[in-house]
Every structure is written in C-alpha cells, then in structure tokens.
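Participant: The primary structure of each chain is shown beneath.
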Amino acid sequence: MLHLLTGVGILLCAVQAIRSRRLLVSALWLAGTSALVALELYLLGAPEIGVIELSVGAGLVTVLFVFAINLTGEEASDLKSLIRKPLAVVFIVLSLVLLGILLVPGVDRAAPSAGESALKAVLWGDRQLDVILQAGLVFCGVLGVLGLLREREPEAAGEKKSEEQQ
Amino acid sequence: MMLSIPNLVILIVVGLIGIGTYALLTVRNLIKVVIALQIMVKGALLALVLAGRLQGKENLGQSLALMVIVADTIVAVVGLALAVQVRRAFGTLDLKALTTLRR
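Chains as they are written, first to last, in numbering that gives the first Met the number 0: chain A, 0 to 165; chain B, 0 to 102.
Read the hints as simulated data drawn from the structure, not as lab findings.
Please note: incorrect hints may appear among the correct ones.
To be verified - Chain B stretches covered by chain A per the calculated footprint, using a threshold of three residues with CB under 8 Å from any CB of chain A:
| hint | stretch |
| --- | --- |
| 1 | 2 to 14 |
| 2 | 19 to 30 |
| 3 | 52 to 59 |
| 4 | 67 to 81 |
| 5 | 84 to 95 |
Claimed, not checked - Short, incomplete list of chain A residues facing chain B, as computed with Cβ under 7 Å:
| hint | residue |
| --- | --- |
| 6 | Leu10 |
| 7 | Gln15 |
| 8 | Ile17 |
| 9 | Leu22 |
| 10 | Leu27 |
| 11 | Leu43 |
| 12 | Ala45 |
| 13 | Pro46 |
| 14 | Val50 |
| 15 | Leu53 |
| 16 | Val62 |
| 17 | Leu101 |
Unchecked claim - Simulated restraints on C-beta separations:
| hint | chain 1 | residue 1 | chain 2 | residue 2 | range |
| --- | --- | --- | --- | --- | --- |
| 18 | A | Val130 | B | Ala88 | 19 to 29 Å |
| 19 | A | Ile82 | B | Phe89 | 21 to 31 Å |
| 20 | B | Gln54 | A | Leu97 | 34 to 44 Å |
| 21 | B | Arg87 | A | Gly99 | 22 to 32 Å |
All C-beta atoms, glycine included, are put in the ideal place defined by N, C-alpha and C.
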C-alpha cells in the first residue's frame, strides 16, 4: 500500500514539475519527486542510496536550481512546443509499450540473493574504477562550474586597457 | 488484481521515463530541460536498484545507483551553469531562439 501511495506521489510530483509555469515551483515539485524516490528506495531495501538521494537530489540540486533561477530570472516557460504535442504523446506511448514488453518478462525470472558481499566491499573492492571515475567526474564538474560561472573578466580588463590607451 | 512490488516499481520507472521524454520533446525552456533530465534519471535510479534486487545482486545495483546519482548531480550543475551563461550571452532561455548560435 505504501509502495502504491509513494508511486502515485512520485508520478504526480513529476507531472506537476513539468506542468507548472513558474520555474521555481517546478524546482520545488522536482524536490518532492526526489524525496519520494528516496522513500521508495528505502522501501526497496536500499537505505544508503535513499539517504544520499534525499540529501543530494532533494537538497543540493534544489538549492542549485533556486540559485540558477535567481540568476536567470523567471521567464515565460509556456511557449509553444517545437513538435506537435499529440505526436509526442504517440511517440512516448509507443516507446513505453516497447520498454514494458522488454522489462516485464524479466520480473518473473528473479534470482534469489546468494551470499552477497556488503555494499562497502562491492563499492570499494569490486568497483574501484567506478569510484575513481566518480572522483574524476566531480573534479570535472567543479572545473566546469568555475569556468562557466566566471564573469568575463579578461575581456572586460582588455577593454578598459584599450580605453585608457585611447 | 494486486500488483506485485517489482511490477509497481516498473510502472513508476516507465512513468518517470515517459514524463521526462515527453518534457524533453515539448519543453523549450533550458532550465526545464534540465528538470526533465532529472526526472528521467530518477527513473533509471529506481530501475537499477530494482534490477539489482531481482537478480540477487542488491549491492551491485546500489553501487551503480550511487554512481548515477553523482553523474546526475554533475549533469544538473553543468546544465544550470550553462543556462546561466546562455542567459547572460543571449538574453533568453528559449531553445528555439538559441538554434542560430549567433549573438
């Protein structure tokens, strides 16, 4: 029952995140989606991932969205879509039916858990390359943000110099 | 008919990916595109944890989900920073107005 309620809540929040006209409201609905996904992860037996999703997905990412919306300002987001909406709906339904056909038979062939090692051992032992990649990814993200959020100082300084020379 | 938990989670995954794809196809605001990507990734996250659980390799699925969370956050950070710079340079977040890539 709790799974069902959480699922309905997740889909409702996701739809509202797309439908709402104000970007700030969309960001808050997205935070709600993240929080409910974290709850669903907890219910599925992955509390560590749930906690990380809650703190990163619902916390950090929401703060980033609010920060970015603050910088860019609210802009009318109810513009006419580039492709016709009915066409988009038909395309999505077709692809989801195909996805469902692929996914559903796998559910019945579930294998029992067989003496598996702990998450810590899997993460730091078996998937070392992933951890190194994650560290690299975080580093790239930080560099990217530093580069992108930088004001155009060199150009402005160059313009000032040329004005002084004149 | 009562749905089993894996089937219910698959429905949520399919729903999230569907909503995200629909938004990617129809939305024209750059920040909303990042929101759509976030919604799709949440579906992938749930799918990974569920797949790990069904295959009896829960911790493998969870470690992959952890990587997806990190990658997703970096995508959001870079996407939003890009949106801020695009707004500064072009004065709009409308994707159609950006297709020319000229100032």
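Participant: Now tell me, hint by hint, if it's right for this structure.
Facilitator: For each hint, the structure was consulted:
1. 2 to 14: holds (count 13)
2. 19 to 30: holds (count 10)
3. 52 to 59: This one holds; 8 residues, not fewer than the three required, reach chain A with a Cβ under 8 Å.
4. 67 to 81: holds (count 12)
5. 84 to 95: holds (count 7)
6. Leu10: 5 Å, holds
7. Gln15: Nearest chain B Cβ about 10 Å off; hint violated.
8. Ile17: Holds - the Cβ of Ile17(A) comes within 7 Å of chain B, reaching about 4 Å at its closest.
9. Leu22: Since chain B brings a Cβ to about 5 Å from Leu22(A), closer than 7 Å, the hint holds.
10. Leu27: Since chain B brings no Cβ nearer than about 11 Å to Leu27(A), farther than 7 Å, the hint is violated.
11. Leu43: 5 Å, holds
12. Ala45: 5 Å, holds
13. Pro46: 10 Å, violated
14. Val50: 11 Å, violated
15. Leu53: 10 Å, violated
16. Val62: With a closest approach of 11 Å, the Val62(A) hint is violated.
17. Leu101: Status violated, d = 10 Å.
18. Val130(A) <-> Ala88(B): 19 to 29 Å: This hint is violated: roughly 36 Å between Cβ atoms.
19. Ile82(A) <-> Phe89(B): 21 to 31 Å: 22 Å, holds
20. Gln54(B) <-> Leu97(A): 34 to 44 Å: Cβ of Gln54(B) to Cβ of Leu97(A): about 22 Å, so the range 34 to 44 Å is violated.
21. Arg87(B) <-> Gly99(A): 22 to 32 Å: Between Arg87(B) and Gly99(A), where Cβ atoms are some 43 Å apart, the hint is violated.
Violated hints, in rising order: 7, 10, 13, 14, 15, 16, 17, 18, 20, 21; the structure is consistent with all others.
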